[in-house]
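Engineer: I would like the entire structure built from these sequences, with the hints used as guidance.
Order-wise, the sequence lines are chains A and B.
For reference, each letter of the first sequence is one residue, going 1 to 107 in this note's numbering.
For reference, each letter of the second sequence is one residue, going 1 to 164 in this note's numbering.
No false leads were mixed into what you were given.
To be clear about the criterion: a stretch of chain B counts as covered by chain A if any three or more of its residues have a C-beta under 8 angstroms from a C-beta of chain A, and this derived list gives those stretches:
#: 1; stretch: 83-94
#: 2; stretch: 141-150
Computed list of lysine-lysine pairs in DSSO-like fashion (alpha-carbon distance at most 30 angstroms, straight line):
#: 3; chain 1: B; residue 1: Lys161; chain 2: A; residue 2: Lys106
#: 4; chain 1: B; residue 1: Lys161; chain 2: A; residue 2: Lys104
#: 5; chain 1: A; residue 1: Lys101; chain 2: B; residue 2: Lys161
#: 6; chain 1: B; residue 1: Lys90; chain 2: B; residue 2: Lys109
#: 7; chain 1: A; residue 1: Lys104; chain 2: B; residue 2: Lys162
Simulated coverage check for chain A against chain B, where a stretch passes if three residues somewhere in it have a Cβ under 8 angstroms from a Cβ of chain B:
#: 8; stretch: 23-35
#: 9; stretch: 45-53
#: 10; stretch: 60-74
Note that these hints are calculated values from the structure, not bench results.
Glycine included, C-beta positions come from ideal geometry on N, C-alpha and C.
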Amino acid sequence: MKEMAMNTVPHNWYLFLSTFLFCIGIMGVLFRRNAIIIMMCIELMLNSVNLLLVSFSAYSGNSDGQVFVFFIMVVAAAEVAVGLALLVSIYRNIASTDIDKLSKLKW
Amino acid sequence: MIQYLFFALSALTIISALYVVFSRNPMHSVLSLIVCFFTVAGHYILLNAQFLAIVHIIVYAGAIMVLFLFTVMLLNLNRETEPHKTNWVKIAAVIAAGMLFLTLIASLKMAGLGTYSLPHKSNIGFIQDIGVKLFTDFMLPFEISTILFMSAMIGAVLLAKKEK
Chain A
1 MKEMAMNTVP HNWYLFLSTF LFCIGIMGVL FRRNAIIIMM CIELMLNSVN LLLVSFSAYS
61 GNSDGQVFVF FIMVVAAAEV AVGLALLVSI YRNIASTDID KLSKLKW
Chain B
1 MIQYLFFALS ALTIISALYV VFSRNPMHSV LSLIVCFFTV AGHYILLNAQ FLAIVHIIVY
61 AGAIMVLFLF TVMLLNLNRE TEPHKTNWVK IAAVIAAGML FLTLIASLKM AGLGTYSLPH
121 KSNIGFIQDI GVKLFTDFML PFEISTILFM SAMIGAVLLA KKEK
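Structural biologist: Laid out in structure tokens, this is it:
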């Protein structure tokens, strides 16, 4: 049993926290019908992965993970810009952001 | 001391994340997601990644959430117009996410990661280290991400433009 100093946080706690955040994001995607909230839950999942990467990079003493987090932020920003533009144009056509009404491509 | 800080921040993160999912009003969801992002930035500071914490606040709370907020206001979404799934689907969603959580936690337990501790004196996470990495090892992805931003910008303008 390794002695644990009081002023350090075990790495496992960060793993559990980001797993929990990821599962909350997945639950939100399955739970809600509003497309904007679903995109927000996707942001939540991306954030949990960012937290995991930062914790691994900090605990292993290698800053590559933090650069990856930087790129994930870039992708998230681009995704949100395009996704919200799509939602606005969908709202103009069907006057709703309800995903259950977007069933034209359903077989 | 740091452990208490970690627990407080984690509790705030989890509560605000749950409120994003369960809140009936889309506006409250957006606001609690902002709180969630700020607490995640606090986690970054705890992990000695100051530069990323600042960038996280600027990009997420400053740009992305403002975009969400504007869209929610623009589409005039509120409690009355909010569509809801049936209760069965909601219960199924909670159970599915809980099962996924159990599976991931079980696999993490089996993985047997040691309890690492933070290295004491390190300059990782400071802007100099990340900047050097970004402009030497990760030069090509950096350039490609500019193309991604360019195409995202053009796409967003084209999509949001009113059709004639």
